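*Asks:* Build out the structure end to end from the sequences listed, making use of the hints.
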Amino acid sequence: MKILKAEQIRKLDAYTIEHEPIRSIDLMERAAKKCFEWIKRRMREKKKVQVFCGMGNNGGDGLAIGRMLGGTGHQVVVHIVRHASEGSPDFQQNRKRLHGVRNLQVNELDEGATLPDIGRDELVVDALFGSGLNRPLDGLPARVVRHINGSGAVVVAVDLPSGLFCDDNTGNDPGAIIRADYTLGFQMPKMAFLFAENEMFVGQWEVLDIGLHPEGIAQSDSKYSMIEPGMLKEFYRPRSRFSHKGQFGHALLIAGHLGKMGAALIAAKACMRSGVGLLSVFLPESGVIPLQTFLPEAMCMPAGKQEQIDGLPDIERFNAIGIGPGTGTADETGRTLKLLLQQASCPLVLDADALNILSENPTWCGFLPSGSVLTPHPGEFDRLAGKCGSGYERLMKAREFSHRFQITLVLKGAFTAVISPAGKVYFNPTGNPGMASGGSGDALTGMILAWMAQNYNPLQSSLAAVFTHGLAADLAIRGKAFEGLIVTDLVEKIPAAIRRTFY
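The numbering used here applies: residue 11 is where the sequence shown begins, and numbers increase by one.
Simulated from the structure, these hints should not be mistaken for lab results.
Nothing here was measured: the structure is a model prediction, and the numbers come from that model.
Just to be clear, a hint being listed does not mean it is correct.
[As the list claims (entries may be wrong)] Only pairs whose alpha carbons sit at most 25 Å apart, straight line, appear in this in silico BS3-like list of lysine-lysine: (1) 434 / 12; (2) 233 / 397; (3) 348 / 315; (4) 243 / 12; (5) 21 / 43; (6) 243 / 434; (7) 15 / 43; (8) 58 / 44; (9) 21 / 44; (10) 106 / 58; (11) 397 / 407; (12) 315 / 270; (13) 57 / 43; (14) 233 / 21; (15) 12 / 233; (16) 243 / 255; (17) 15 / 44.
*Replies:* Below, the structure is given as structure tokens:
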């Protein structure tokens, strides 16, 4: 599923109107009906509904939604916020269609108007501004937004919350953006939905299919998309009956430190559960017995010292190498990472403490083997590349970082972004808040390592691992509260997630 910018969305609407063909007012009606049906499914009571409409096409959507709700017996008040001298043609046509609708009252608000009372038990539909907005709200629209936000009513935003820009909200006025409980996007998500700082505005979002032309979508050039099972199946190689372990790679995991040995165990088990043929784990001597007890399928390579990693084994025989989970940042471990960067001829997966060491030695980034994968969470990335003021700024900086060092970057979060050296960004839709506990990132490291060892390229490995990692958590959370999910629950569901995705 592609993610388009505002101008591309406008062109896609125009393409649909021309090539379906369909009149623009009828396309608006189709979008409004989808929103109406969504609202009706969730409104078990005949609540009072207040619809706030701007004077563009987003306002036209709101007028149509209000008309449809009024026609089913809801008490509806449509407020037209007069921020322009006249509305768009489709707005004006929908304005005429309100005449004679039962249970519907129309109210016009101008600059000096007293704003209507909004009860906490009412529903507000926000249809002031859509994806075409390109400057912060002020004047009457900003006053209306603040009034709605202060009402305590449930708010459903149409297209996106009024005042929010589609992509980059740097410099926007957060006090003049609707704080929606639900946002109903059309056809595809807006990039703004995917950044943590916008959650307070977007609330829970859902994409409604309004039938925009598939050829127009296919012709839209975008660097941004959501990961979908179909794109993963394109590169997946099913196993034959005569498969053997030698065909699925030998991975090396460098992990563990006294007191953090669990990270090594989690990463190792996730790697084995993701299909690697053989796994060797290079870890401190104090971790050998725990690993052989917890995961007898993995081979142990004691790393010289009792408490921490020191030195480097012979790495020539491995197909992929991962480093970082629970290693700590001692000087000896730093030397191990430096040696690995200098000697490795196969791709690497760097996570956790390996990234922390790298951030303290930024010149080492130049030694990263081409095709390596880095998996930072936002804090780790900011330490690597510099402090970022927003999710959008961090994403742009991550794209530049990935290109400069020719690595795949997995920027972890609620919608983890997999970024290719060519600047393509793939957001992950799977996963849930239960993953916000220790060890989730370690499991992901092991999973990416397993796919790379099986000779999938770094981007394919990252896409497959990120998607199935989140899906495993979704399968594991069934019957549990988010607070009760631990990473070993997730790891046990990895085979089921792989089966559901690829089989």
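*Asks:* For every hint, state whether the structure bears it out.
*Replies:* Verification of the supplied hints:
{"no.": "1", "hint": "434 / 12", "result": "11 Å, holds"}
{"no.": "2", "hint": "233 / 397", "result": "24 Å, holds"}
{"no.": "3", "hint": "348 / 315", "result": "18 Å, holds"}
{"no.": "4", "hint": "243 / 12", "result": "17 Å, holds"}
{"no.": "5", "hint": "21 / 43", "result": "22 Å, holds"}
{"no.": "6", "hint": "243 / 434", "result": "19 Å, holds"}
{"no.": "7", "hint": "15 / 43", "result": "24 Å, holds"}
{"no.": "8", "hint": "58 / 44", "result": "20 Å, holds"}
{"no.": "9", "hint": "21 / 44", "result": "21 Å, holds"}
{"no.": "10", "hint": "106 / 58", "result": "22 Å, holds"}
{"no.": "11", "hint": "397 / 407", "result": "10 Å, holds"}
{"no.": "12", "hint": "315 / 270", "result": "15 Å, holds"}
{"no.": "13", "hint": "57 / 43", "result": "19 Å, holds"}
{"no.": "14", "hint": "233 / 21", "result": "17 Å, holds"}
{"no.": "15", "hint": "12 / 233", "result": "8 Å, holds"}
{"no.": "16", "hint": "243 / 255", "result": "22 Å, holds"}
{"no.": "17", "hint": "15 / 44", "result": "22 Å, holds"}
No hint from the list above goes unmet by this structure.
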